[in-house]
Structure formats: C-alpha cells, structure tokens
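Peer 1: Using the sequences provided together with the hints, build the complete structure.
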Amino acid sequence: MDQPTACLDIRAVSKDYGSVIALRDVTLTVSRGEIVGLLGANGAGKSTLIGIVAGLLRPDRGEALVEGFAPSAHSSRAHHVGLVPQDVGVYETVTVGEHLRLFGRLYGAKGERLTGAMRWAAGTMGLTGLLDRRAAQLSGGQRRRLHVACALVGRPRVLLLDEPTANCDVESRAAILSAVGALAELGICVIYTTHVLSELDELAPRLVVLRSGRIVADQSLAQWRDMLGSAVVLTFTGAPPEAALAMGTPVDGHSVRIPCQDPGADLVRLLDQLGHRRHALRSVQVSRPTVEHAYRALSTTPAGTP
Amino acid sequence: MTAASRQRVAALLALELTLLRRNRSVYIVLVVAPLLLAIFLGPLLRLALAQEGYASATGAEQVIPGLVVMFAFFVVGNVAFVFFREYGWKTWDRLRASPLTTGEIVVAKLVPMLVLALGQQAALFAAGAAFFGLPLRWAQVPLLAAIAVSLTLFLVGFGLLTVVLATNLRQVGVVENVGAMLFAGLGGALTPVALLPGWAQSLAPGTPTYWALRAYRAVLLPDRPDLGTVALSTGALCLAATVLFLIAVTRFDVGRKKVMWV
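So the sequences go chain by chain: B and S. Under the numbering used here, think of the first position of the first sequence as 1, with each following residue one higher. Under the numbering used here, think of the first position of the second sequence as 1, with each following residue one higher.
No lab work stands behind these hints, which were simulated from the structure alone. Everything numeric in this text was worked out from a predicted model, so none of it was measured. Beta carbons are placed, not taken as given, at the ideal position from N, Cα and C, and that holds for glycine. Each hint should be verified, as a subset may be incorrect.
Stated by the list, open to error - A few chain B residues facing chain S, derived, Cβ under 8 angstroms:
hint: 1; residue: Ala-54
hint: 2; residue: Leu-102
hint: 3; residue: Asp-169
Said to hold, decoys possible - Away from chain S, derived, C-beta distances all over 12 angstroms, residues of chain B:
hint: 4; residue: Arg-58
hint: 5; residue: Thr-115
hint: 6; residue: Gly-248
hint: 7; residue: Pro-289
Peer 2: Here you go:
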C-alpha cells in the first residue's frame with residue numbers, strides 16, 4: 001500500500017447545522033511536521049473542522065482522511081489523532097500517572113512502550129514530579145498541561161489543539177508552546193487554534209483563515225511577512241521634516257512610517273538621508289509584521305481570494 | 001473481539017473501577033441506608049408475614065429482599081452517573097475521539113455497574129443472615145444468585161435507557177427516586193402485595209420489583225422453595241431486560257448534546 005502523501009487530507013468538506021452554514025467546501029492538506037494556525041472569528045467553523053478531523057462530527061459532504069484512514073475506520077484512524085479540546089477535561093479523582101496510563105493504553109501502548117510514552121508525555125508537559133497527584137489537587141495551569149499530555153501519550157501523528165493555552169499561567173503557556181514546536185520537529189502535524197495571536201509569532205505557522213465556514217486565506221506566516229513588509233517608524237520632537245515625509249507616510253503629527261525590507265540595514269541609509277535633521281529625532285521604532293497584522297490583512301481578504 | 005479491543009476495554013474498565021472505589025458515598029446509599037431501615041421495618045413486617053400465615057417467620061424474609069429490590073433501583077442512577085460524569089468533567093469528547101468504539105465504552109462502563117449491583121445484593125443478604133435473622137441456607141444461594149442476576153440485568157438495562165433518554169442528571173434523579181419509591185410500593189417491597197389495596201395489587205405485576213420479590217419470597221419463605229415461580233419471575237425480568245437493552249442500544253447517540261447539571 002502506498003504511504004499517504006499528506007498526514008491530513010481534508011477534501012471538500014461541508015457541514016450545516018440546520019440553516020446555519022458551519023463549513024462549506026473546505027479543502028486543506030497538511031504535511032508531517034507542519035503547524036497550521038487555524039484562525040477565524042467565533043462561529044467561523046474552526047471547532048467544527050476540528051470536530052470532523054477528530055471524528056466527533058460527520059461532514060454532510062466531503063471527507064477528512066487522517067494518514068489515509070477515512071472516518072469509517074474509526075479505531076485505526078483515531079490512533080493517529082490527539083485531540084486537545086477547548087475545555088479542560090480531566091478525571092478529578094484520578095492521578096496524573098493514572099491519566100497517562102489510561103490514554104496510553106487506549107492508544108495501544110503496553111509494557112515498556114507504555115512506560116516510555118508516559119515518561120515522554122509527562123516530561124514534555126513538565127508533569128514528571130506530579131505523577132501521584134490527583135487532578136483535583138493540581139493548579140489551573142497544571143491541569144491544562146495534563147489535558148494536553150493526555151493527547152500526547154498516544155504519540156499521535158495529527159495533534160488538534162483547540163485554544164490550548166486558554167486561562168493558562170505564563171509558565172504553562174510557555175511549556176505548551178515549546179512542546180508544540182518540538183512536536184512539529186518530530187514530524188507531528190499540528191492544527192492550532194487560538195485567539196491569542198501573539199502565540200503564533202513564536203510558532204511561525206502556516207495561517208489558514210476561516211470566515212463563515214470557508215477558507216479565505218492560506219499562506220505561511222513568512223509569506224505574509226514578505227507581503228506586508230517591515231517598516232521603521234521615526235518620531236520627531238516637532239513636525240517631521242520634509243525629507244522624512246518624502247520617504248514614508250505620516251502616522252500622526254510627530255511620526256512617519258517608512259516601509260523597508262531590511263529595517264536594520266535600511267535604518268543607516270534613512271538616517272543619512274535625514275542629514276542634520278536627524279538631531280530632531282525622539283525615537284526610532286522597528287515594526288515587523290506579526291500574526292495579528294497578517295490576520296487583519298488576511299481576514300479582510302475577499303472570500304475566494306487565494 | 002480483537003486483542004486491541006480487549007486492551008481498550010480493560011483500560012477504561014480499570015479507570016471505572018478506580019473511580020468507583022474512590023466514590024465511597026455510593027456504598028452508604030446502596031448498603032448502609034437499607035440496613036438502617038431494616039432495623040425499623042423488621043418488627044412491623046414480622047407481623048405482616050404472620051398475618052399472611054407465616055407464623056414462624058422472623059420478618060427478615062420480607063424486609064431484607066424488600067429493601068434489596070428497593071435500594072437496588074438506585075443502581076439506575078449510578079449507571080447514569082458514570083456516563084453523565086463524563087459530561088461534567090468534559091472528558092466525553094476525549095473518549096469519543098480515542099480509538100474506543102461506542103460499544104467498548106458502553107461495555108466498560110456497565111460491567112462495574114453489574115458488579116456493584118450484584119455486590120450490593122450479596123452484601124444485604126449476608127448482613128440479613130448475620131444480623132437480622134434471615135434463615136439462609138447454602139442450597140438457596142444459587143437460586144438467590146439467579147434472581148439477583150436477572151434483577152441486575154433489568155436495572156442496568158433500565159439505567160442505560162435512562163442515559164439514552166435523559167439530557168441531564170436532574171432528569172435521571174427524578175426517574176431514580178420516583179421509580180424506586182413507586183416500584184417499591186407497588187411491587188410489595190414495603191408491604192406484602194397481599195396487604196396492598198386492590199387497585200395496587202392489579203398494578204403490581206407491571207413492576208420489576210413485584211417479579212423480583214415474588215421470586216425472592218418463593219426461595220426464602222418457609223415451605224416455599226417454589227422453582228416454578230423463580231423461573232417465571234427471572235424469565236420475566238430477563239425478557240424485560242433484553243427489551244430495554246435493545247431499545248437503549250439502538251437509540252444510543254454518542255453525539256447528542258448533554259450536560260451533567262442544569
């Protein structure tokens with residue numbers, strides 16, 4: 001049998017809830033080791049798409065193949081999917097170790113492999129010292145990390161993270177983001193949804209934007225950064241000099257935004273061009289496009305635009 | 001059943017048994033509460049049995065099986081709880097997304113409930129013999145076990161159907177509490193059926209309690225080791241259990257939106 005070329009292959013998936021369109025002809029192929037930031041406003045269809053990939057929902061049309069397995073091959077397919085739902089789901093009176101043992105066994109691990117998978121998941125999520133602690137005794141951040149660890153212990157090929165850092169403390173957020181990057185390097189395909197867009201700057205993912213159930217944009221963050229370009233914002237003590245205004249666009253009564261490809265190198269040239277007027281400079285700010293910039297640009301892209 | 005399927009069922013079963021072991025309040029409701037009630041009901045039901053013609057009865061022949069069938073009904077609530085708990089702890093979707101099939105989830109959740117219900121009935125009969133003067137002989141044990149199994153199958157089937165129909169635990173609570181009282185009263189668990197009003201006597205055969213208690217009395221009361229009654233009663237309970245399971249299984253919808261509390 002040929003190896004599937006994509007880890008996740010979503011083909012023309014549509015889903016309605018009564019008269020409400022949740023997804024319409026969504027097609028998406030994700031390779032091993034790729035991180036996809038799935039973005040969109042509430043109700044855009046993100047959770048529905050994740051539910052379909054996880055096998056929790058059936059699409060009205062189309063199909064979502066995981067490692068080549070269709071939803072009908074539930075057990076085989078589910079072995080490859082790790083789901084981290086938006087709400088933390090843990091068994092309150094069960095210890096961290098018992099959680100990991102349960103999910104490891106459900107995903108087919110036993111013996112040394114199970115022990116290794118438990119150790120790896122606990123280590124990845126910083127839970128090694130908490131194995132004997134019951135979920136009810138964990139802090140909010142620790143519970144969130146256990147929630148993620150339960151999805152990792154089965155060693156999935158596709159990891160679905162639905163707002164995994166919601167209500168997290170700084171340490172837990174850092175641990176989760178660091179783990180996501182490391183998992184992608186191991187070849188795991190990650191679908192990541194969040195409303196905290198700054199998290200994705202660190203992961204530098206491919207950005208897929210859903211609007212009203214349709215994919216309206218699908219580009220890597222690097223591509224969007226190239227398209228949006230960087231800029232240098234020069235702020236003066238008084239009105240910006242003519243030389244500065246000639247290079248860019250005024251932001252307010254004191255600042256000028258000057259687009260450039262390489263802010264570090266271009267800044268020297270800009271200061272030279274200002275000549276003696278550079279003494280009126282109050283501050284220099286380098287502006288690089290973030291995921292938020294990209295998302296704003298992407299989400300205003302008309303539907304159907306690639 | 002494949003080896004992988006057995007491993008999944010065993011993993012979830014281990015979790016369910018761990019959760020059951022750590023939820024000690026269950027045992028108070030199922031075992032301690034009926035024994036407390038037996039202390040107060042025993043003298044009254046001794047008189048009731050004497051009025052029925054069992055002059056040498058200790059009263060335990062009525063009060064113990066009566067309370068067994070009455071409190072066994074609370075297993076229905078426990079069956080529902082092990083499913084609705086998953087909604088409360090938000091773990092249901094996680095189980096569904098795992099390689100577990102729906103059938104495996106149901107089996108792993110119901111087996112501990114079968115054990116719980118049988119254990120409850122065994123504990124109450126043992127306590128009845130030890131502390132309440134229930135005249136129990138070893139020869140009666142297989143018959144009592146057969147009745148307990150048929151009643152348990154009915155109750156677990158009823159519990160599964162409740163899971164299918166209810167959308168939250170409050171609804172289950174209504175079914176469990178009203179059902180336990182109604183079936184206990186009509187079925188003769190609190191007062192022998194012969195002493196009930198005529199209208200109640202005519203309704204009694206519609207309750208599982210009636211059939212279970214009829215069988216228990218046929219085994220326990222003096223001069224009545226009536227195998228025919230036991231066979232008829234256990235058969236009726238098993239038939240009803242089969243119908244309940246068939247309806248529940250065909251209508252089980254894992255994707256239906258439910259909440260633990262409203």
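Peer 1: For every hint, state whether the structure bears it out.
Peer 2: These are the hints, each one checked on the structure:
1. Ala-54: holds (4 angstroms)
2. Leu-102: Since the shortest Cβ distance to chain S is 5 angstroms, the answer is holds.
3. Asp-169: violated (20 angstroms)
4. Arg-58: At roughly 8 angstroms from the nearest Cβ of chain S, B:Arg-58 sits no farther out than 12 angstroms, so the non-interface label is violated.
5. Thr-115: holds (15 angstroms)
6. Gly-248: About 50 angstroms separates B:Gly-248 from the closest Cβ of chain S, which puts it past 12 angstroms; holds.
7. Pro-289: holds (35 angstroms)
Checked against the numbered hints listed earlier, the structure breaks hints 3, 4; every other hint is satisfied.
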